[in-house]
Amino acid sequence: MKEFKPLPDQPAPISTTGPIGWLKNNLFSSVFNILASILIIAALIAILPDMIDWLFISANWSGTTQADCVKEGACWVFISAWSQQIFYGSYPDGELWRVNLCLILLAGVIALSFILPARIRNQISVPAFLVLPFVCVLFLDGSYIGLREVTTNLWGGFSLNLLLAAASIIIAFPFGFLWALGRRSDMPFARSVSVTCIEFFRGTPILALFFMGSVMLPLFFPADVSVDKLLRVWIILILFMSAYMAEVFRSGFQAIPSGQYEAADSLGLGYWQKTLLIIFPQVIKVSMPNILATFVMVFKNTVFLLVIAVPEMLQVIMTALSNSNWLGGHAIEGYLFVGFIFWICCFSMSLLATSIEKKLDTSHKN
Amino acid sequence: MSADNQVIEKTDGKEIIVIKDLNKWYGNFHVLKDINLTVKKGERIVVCGPSGSGKSTMIRCINRLEEFQRGSLTVNGVEMIDDVKNIEAIRREVGMVFQHFNLFPHLSILDNLTLGPIWVQKKSKAEAEEIAMKYLERVKIPDQALKFPGQLSGGQQQRVAIARSLCMSPEIMLFDEPTSALDPEMIKEVLDVMVELAEEGMTMLCVTHEMGFAKKVADRVIFMDGGEIVEQNTPHEFFDKPETDRLQLFLSQILQH
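Protein chains in written order, with the working numbering: chain A, 21 to 386; chain B, 9 to 265.
Keep in mind that a hint or two might mislead.
To be verified - Taking lysine to any residue pairs in the SDA-like style, the calculated list, with each CA pair at most 25 Å apart, reads:
# : chain 1 : residue 1 : chain 2 : residue 2
1 : B       : K133      : A       : R139
2 : A       : K305      : A       : T339
3 : B       : K131      : A       : P137
4 : A       : K294      : B       : L154
5 : B       : K41       : B       : G209
6 : B       : K93       : A       : P137
7 : B       : K133      : B       : F156
Unchecked claim - Per label pair, the in silico range of CB-to-CB distance:
#  : chain 1 : residue 1 : chain 2 : residue 2 : range
8  : A       : S35       : B       : A134      : 15 to 25 Å
9  : B       : D29       : A       : L372      : 27 to 37 Å
10 : B       : E208      : A       : D381      : 51 to 61 Å
11 : B       : L263      : A       : D206      : 40 to 50 Å
12 : A       : I124      : B       : E138      : 42 to 52 Å
13 : B       : Y34       : A       : E219      : 55 to 65 Å
14 : A       : I124      : B       : E208      : 58 to 68 Å
15 : A       : E219      : B       : E208      : 53 to 63 Å
Said to hold, decoys possible - Where chain A lies over chain B, by a calculated footprint (3+ residues, C-beta under 8 Å):
#  : region
16 : 26–38
17 : 186–196
Simulated from the structure, these hints should not be mistaken for laboratory data.
Computed from a predicted model, the values in this text were never measured in an experiment.
Even for Gly, the Cβ is constructed at its ideal location relative to N, Cα and C.
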């Protein structure tokens with residue numbers, strides 16, 4: 021009998037791999053692509069030098085007042101002079117460590133959910149996340165734990181955007197999940213409540229909700245009851261985000277094959293065991309891109325708080341722009357900076373989500 | 009030649025499944041018509057019939073993956089009624105193997121197997137893992153324990169699915185076309201496991217078109233068409249002396265190739 025000998029592997033032709041192959045495949049693969057590539061390269065050559073010059077080379081980097089901005093380029097002095105307000109709002113000087121502590125706690129809890137071994141990750145991370153917003157409120161406010169009280173009208177700047185978004189996302193996650201379950205439920209009461217909530221908060225613009233929360237809601241409360249403005253805003257963000265998350269989760273539920281429910285049922289798992297052990301982890305996996313999109317949306321939506329005079333980052337920049345010592349027209353620098361900071365954050369969230377997706381992927385598809 | 013007067017079988021042994029006048033509709037579509045079936049402990053039953061004949065629907069009623077509208081169903085003395093306690097009690101006694109395996113893709117093989125014992129039977133993790141390894145060895149893939157379902161071949165996945173059901177030590181095993189989604193080379197490895205299980209005395213209800221398996225292990229073969237049980241008999245009588253023309257036609261068609 022003849023013996024079967026597999027042929028050895030040979031390297032691919034050099035013109036299809038390596039940098040030259042990449043250029044050929046991606047930039048110069050057809051007449052249209054060649055034209056587009058040349059056009060784009062020409063445009064970059066025309067724009068980039070001036071842009072780099074304005075942004076970096078002839079920009080003003082050092083100084084403390086507008087008078088220090090003598091060169092042609094961007095006046096980054098404007099940003100550095102206002103940096104404390106931009107990041108911390110009017111939070112008192114000596115108490116800034118409390119804001120920093122909250123940010124570190126947030127970063128720590130996120131890191132924890134990555135580094136803990138899978139065995140104990142959920143038992144520790146989930147409670148840590150859920151407790152975090154309230155710990156932050158205790159520290160930032162201070163009056164309940166024996167620190168100097170800092171009222172919420174002094175909270176502000178980018179740290180407020182970040183913490184408010186994080187606190188809303190964390191609370192909205194379980195809420196959204198419950199609403200999504202409610203919407204799929206057989207119980208008429210749970211279903212109608214969920215559908216009403218989801219459709220109301222998803223169908224109303226966030227700006228309208230903010231106005232309602234800050235202007236209209238207080239009219240319905242008795243005169244002696246006052247609910248803090250930031251608290252109202254937080255609740256609105258939670259409800260708004262929950263509605264979106266509920267729909268994200270619902271699409272995730274629909275992507276799970278019915279066989280998964282049947283297998284769980286046939287093992288005798290109860291409703292909550294089935295939902296939390298079998299369905300939820302798979303829903304999270306398929307919904308990850310949409311969950312991230314919702315996170316980013318809510319995070320960016322926090323700048324809308326400026327319309328009800330909450331001193332978040334953009335509001336601080338606008339206040340700074342109208343300051344009599346800085347009337348030199350630094351709007352471009354200010355807005356660029358806000359955009360840049362948000363972009364950095366959203367991009368890191370994107371990277372984080374991609375790494376979570378990879379971690380969750382056990383399907384081993386080719 | 010009605011099916012009703014053909015109640016065959018040895019009368020010893022406990023009646024573990026009793027189905028009486030079971031009727032089911034999907035909307036206005038009458039899927040199951042007056043199903044009467046009694047299964048004794050240790051009995052091995054093969055159900056066959058053309059697609060759409062209601063055979064899967066019937067066995068899915070037994071663990072309430074499908075509801076029925078009329079008639080009664082008793083499993084191991086527990087009546088199937090609209091009560092979560094009864095349903096869960098029945099499901100604990102009944103294991104099920106599906107056409108598409110339905111393993112949980114986000115859990116390792118070992119976790120797939122220990123999930124039921126840990127969460128439903130409240131066993132300790134160590135005990136559940138011991139049971140899981142015992143059954144993985146029985147289906148001859150203990151070395152795959154730490155892999156994920158997506159890394160296994162179809163035949164291996166189906167054997168894991170069988171082991172997952174066995175970990176709950178069920179009284180009854182239901183098989184819903186367990187080899188229909190498998191490549192020819194893998195069908196044998198799954199059937200071998202099922203034959204072994206049958207030889208150990210497990211009560212089995214198996215929807216399948218593997219007639220060789222039916223001849224080898226079944227105590228009784230049931231033929232369904234149009235939502236009713238047309239004929240049931242011992243394999244020998246069933247294949248050699250079909251009583252109805254409908255079964256004759258069916259057999260001639262599936263045995264042709």
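### Hints that the structure is at odds with (numbers, increasing)
Hints 2, 5, 6, 8, 9, 10, 13, 16, 17 are the ones this structure does not satisfy, whereas the remaining hints hold.
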